[in-house]
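Peer 1: Sequence:
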Amino acid sequence: MDMDTRLLRSFTAVAQEGDLRRAADRLLLPVATLTRQLRRLETQLGTELFTRSRAGMALTDAGAALAAAAPAVLDAWDAALRSTRGAAARADRVLRVGFVTDGAQGLARHGIAEFARRRPGWRVRLTQAAADDPTAGLAAGTVDAALLRLPFPGQEALDVEVLLTEPRRVALPAGHRLAVREDVDFAELLDEPFVAAPPESGWWRDHWLATDEREGRPAKIGAVARTFEEWLTAIADGEGVSLASAATARACRRPGVVYRAVRGIRPAQVGVAHARGTQVPQVVRDFVQSCVTARDARDPEV
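For what it's worth, the working numbering labels the leading residue of the sequence shown as 38, then goes sequentially.
Errors might be hidden in some of the hints.
[What the hints assert, rightly or not] List time: in silico DMTMM-like cross-link candidates among lysine to aspartate or glutamate, alpha-carbon distance up to 20 Å:
1) Lys257 / Glu267
2) Lys257 / Asp228
3) Lys257 / Glu225
4) Lys257 / Glu237
5) Lys257 / Asp274
6) Lys257 / Asp222
7) Lys257 / Asp243
8) Lys257 / Glu219
9) Lys257 / Glu276
It is worth saying that the hints were derived from the structure and are not from the lab. Just so you know, these numbers come straight off a predicted model, no measurement behind them.
My request is simple: use the sequences and hints to build the entire structure.
Peer 2: Now the structure itself:
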């Protein structure tokens, strides 16, 4: 029997959430569409997978068996897709590189130039990720390597080479009471509303809220931003303040937003990351080494 993986993903989301509406929100689908997908899957399998009640969606015995097996099936399929797409890109002599922030573009420019010297005829396809994907496509396998802010969720499963360590700044609305200062102590920001990354970004969100430096005091969230444009707009509109790297402060300029030095927090880092293992293509290793060479030769302000 052929199976549409979309049906299996929808089933898995409902099984994990235990609620049709929450699963629909997670999948960005209308509830009616998700309901039809579940019915279609049950018809194909010839059995009910859920018992439906006001309390939610409970797995039947058959549903529980499928829920236990489905993640491995989906992981294997995703791995096959990643391998196929990566091989196709390499056959075209294209290296796919993701990045999260404009602040990484200076590093990318010099790394790409060195890579072009090492690999004539190859080209690098740069892709900027949304703020809710701190791996910039590595987790999904849509890129071969990525320039990333550290730390990020899943970092322990990847090989990461640190390229840059730099101080963090605070981004403030231009009319903010602290905007007249040259520098700010982080303690002065503890009661300020912050513009944050989405909750699902995990470590990434916590790092840019400086959770470790708050000594248990929860951050006040004034707005959630999924892109850098949303982030800048929210700050300019006075919805909150935010921490940023020095590179982002240089690259992401906008009227109504000012950056100030901030004391009392750890610096930011940028690294180049790729999948871990012995089967990493040599061209990916060459790109990493190109970035390291560019790092060692770069101007400190780049």
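Peer 1: For each hint, tell me whether it holds in the structure or not.
Peer 2: To see whether the hints hold, each was checked on the structure:
1. Our distance criterion of 20 Å between C-alpha atoms is met by Lys257 and Glu267, whose separation comes to about 18 Å.
2. Proximity of Lys257 to Asp228 is assessed by CA-CA distance (about 7 Å); at most 20 Å being required, the pair is judged to hold.
3. Distance restraint check for Lys257 and Glu225: the Cα-Cα separation of roughly 13 Å lies within the 20 Å cut-off, and the hinted pair is therefore satisfied.
4. A threshold of 20 Å between alpha carbons decides the hint, and for Lys257 with Glu237 the separation of about 17 Å falls inside it, so the pair holds.
5. A distance of roughly 17 Å separates the Cα atoms of Lys257 and Asp274; the hinted pair therefore holds under the 20 Å criterion.
6. Straight-line distance between C-alpha atoms of Lys257 and Asp222 comes to about 17 Å, which keeps the hinted pair within the 20 Å bound.
7. About 12 Å separates the Cα atoms of Lys257 and Asp243, which keeps this hinted pair within 20 Å; it holds.
8. With a C-alpha separation of about 24 Å, the suggested pair Lys257 and Glu219 falls outside the 20 Å cut-off, and the hint is violated.
9. Restraint check for Lys257 and Glu276: the C-alpha separation of about 11 Å stays at or below 20 Å, so the hint holds.
The structure is inconsistent with hint 8 alone, although it conforms to all the rest.
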